[in-house]
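Heads up: the sequence lines are chains A and B, in that order. For the record, in the first sequence the residue sitting at position 166 is 166 according to our numbering, with numbers rising by one throughout. For the record, in the second sequence the residue sitting at position 39 is 39 according to our numbering, with numbers rising by one throughout.
Careful, some of the hints might be misleading.
[What the hints assert, rightly or not] In silico lysine-lysine, DSS-like type, Cα no more than 30 angstroms apart, as pairs:
id	chain 1	residue 1	chain 2	residue 2
1	A	Lys196	B	Lys32
2	A	Lys176	A	Lys142
3	A	Lys11	A	Lys100
4	A	Lys185	B	Lys32
Just so you know, the hints here were simulated from the structure itself, not pulled from any lab data. Just so it is clear, the structure is predicted and the values come from calculations on it, not from any experiment.
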Amino acid sequence: MEVASVLSNTKADRAAEKLLVDRALAGEGSALRELIDLHKDRLFAFIWRMVRDHHDAEDICQDAFLKAFASLKSFNSDYRFSTWLFTIAYRVCLNKMRRKRALTGDVDFTTLPMETVGVPEAAMQSEDAQQVGALVWEAVEKLSPPQRACVLLFYRHEMSCQELSRIVQLPLATVKSHLHRARAKLREMLEPLTEKDLQVFRNLSTRAG
Amino acid sequence: MRCVDARQLFDAYLNGELSSSMATELQAHRVKCADCRREFALLEVSGHVLRVDDDPVALDDNFTDRLIACMDEPKSPWTKRLRWTAFVGAPLAAAAVVAMAFVGVFDIGGKGQVAGVITSVEEVLGQPPVPRVLVDAPVAGDSATSVSGGAQAPDGWFNNVRSDVAEKQRRGEPLQRALDLTVLQLIDILEEAKRAPQGQNPLPVGSDAKGASDRSDDSDDTLPVPEGAYNSNTDR
Ligand SMILES: [Zn+2]
Numbered sequence: 001m002e003v004a005s006v007l008s009n010t011k012a013d014r015a016a017e018k019l020l021v022d023r024a025l026a027g028e029g030s031a032l033r034e035l036i037d038l039h040k041d042r043l044f045a046f047i048w049r050m051v052r053d054h055h056d057a058e059d060i061c062q063d064a065f066l067k068a069f070a071s072l073k074s075f076n077s078d079y080r081f082s083t084w085l086f087t088i089a090y091r092v093c094l095n096k097m098r099r100k101r102a103l104t105g106d107v108d109f110t111t112l113p114m115e116t117v118g119v120p121e122a123a124m125q126s127e128d129a130q131q132v133g134a135l136v137w138e139a140v141e142k143l144s145p146p147q148r149a150c151v152l153l154f155y156r157h158e159m160s161c162q163e164l165s166r167i168v169q170l171p172l173a174t175v176k177s178h179l180h181r182a183r184a185k186l187r188e189m190l191e192p193l194t195e196k197d198l199q200v201f202r203n204l205s206t207r208a209g
Numbered sequence: 001m002r003c004v005d006a007r008q009l010f011d012a013y014l015n016g017e018l019s020s021s022m023a024t025e026l027q028a029h030r031v032k033c034a035d036c037r038r039e040f041a042l043l044e045v046s047g048h049v050l051r052v053d054d055d056p057v058a059l060d061d062n063f064t065d066r067l068i069a070c071m072d073e074p075k076s077p078w079t080k081r082l083r084w085t086a087f088v089g090a091p092l093a094a095a096a097v098v099a100m101a102f103v104g105v106f107d108i109g110g111k112g113q114v115a116g117v118i119t120s121v122e123e124v125l126g127q128p129p130v131p132r133v134l135v136d137a138p139v140a141g142d143s144a145t146s147v148s149g150g151a152q153a154p155d156g157w158f159n160n161v162r163s164d165v166a167e168k169q170r171r172g173e174p175l176q177r178a179l180d181l182t183v184l185q186l187i188d189i190l191e192e193a194k195r196a197p198q199g200q201n202p203l204p205v206g207s208d209a210k211g212a213s214d215r216s217d218d219s220d221d222t223l224p225v226p227e228g229a230y231n232s233n234t235d236r
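If we strip away everything but chain A, and leave its shape as in the complex, we get:
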């Protein structure tokens, strides 16, 4: 399967990434900085969607980079640096959530207090579309951590199921089943949508391409 990827999808990109990692390994500070700048925003966005706490997300993001750099030598350039980074970050997220759960008693992940940000600043124009967006994100927050990670990585970060499997460290079939369940839950939230609402989205996606 071919999923468009934002980073290092082409051979040239991979080669550039390898070069960058090699320079970082050789101790070039500027390469390190480049690696951070290249990945930090996407990584932070993913982490924040996982933990929904700005401060925690920043900590986790920092930890993930430190850990990734600490083991940079074992990074295989046949494989994307971002995958390695996201794998570490996901793990740190889980540990953090587990710790929080321990502090708050035996609470389900999904009931952890989440940072409230109101209606997401939608890229869509219509008010209806914004409300639908809010419904979707509300449903995302209720997903289990692996399900949430799977939909975020798949849709938002345009990763393949194979990459998901690597990042969440679960077999491919399990990842697909998480995606399936997550989709079903999100879809359930949208049950009230009318044919007219759906039309709004069709127009939006056509416009978006």
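Here the structure of chain A is known, so what remains is to put chain B with the ligand in place on it, guided by the hints.
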């Protein structure tokens, strides 16, 4: 195509795994069937939202500077902050650095000294020397006694690292992976230590080997090394 068949293909279609002929059949069914059309539209709407909505938060501009600074920071007691930052030329070096950091064996900033450490580990593990080692600021700072309360000789950590790696090799891990797993586990231990309340010895004194091996790779508290990191060309 019946509805039940069509719906079974939704996931494969969304995952991009459907052959073009099957995809065409599915589309044909959608055109005819209002129920499936709606069902599919609902799935697509959530996918659309997930793809295009902006994130309401962002990292501040200084993140990179802070991270770099954190990696460059001069030594200070490791209990206050995890400082090892290091950027190590090899997992073996990392294992050594972390282990040495615990026992406070080397002084910060001495690349030659680190190379010396590695040589000593290599001798034990029988590996060829690691040619390139770059360590800017390992944790350390405190002496062995403040770390282990004096209950453990400096060699203890080394031995633990060694035996932990050896144990993983016995379980069939390639050396590289065994080393990485150990390093990542040690990093986790360091982090736990960082979180431990002041005045409380965060390390499992006298049971350090256990501390490391308890966190074996099937424990869900440890950081796994992704399989793919060791396979070539499995990535699409
Ligand atoms: Zn149908």
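Going through the hints against the structure:
Restraint check for Lys196/A and Lys32/B: satisfied, since their Cα atoms lie roughly 19 angstroms apart, inside the 30 angstroms limit. In summary, the hint linking Lys176/A to Lys142/A is supported, as the alpha carbons are separated by about 18 angstroms, within the 30 angstroms threshold. The hinted pair formed by Lys11/A and Lys100/A fails the criterion: a straight-line CA distance of about 41 angstroms is larger than 30 angstroms. As the CA atoms of Lys185/A and Lys32/B are separated by approximately 26 angstroms, the hinted pair is consistent with the 30 angstroms bound.
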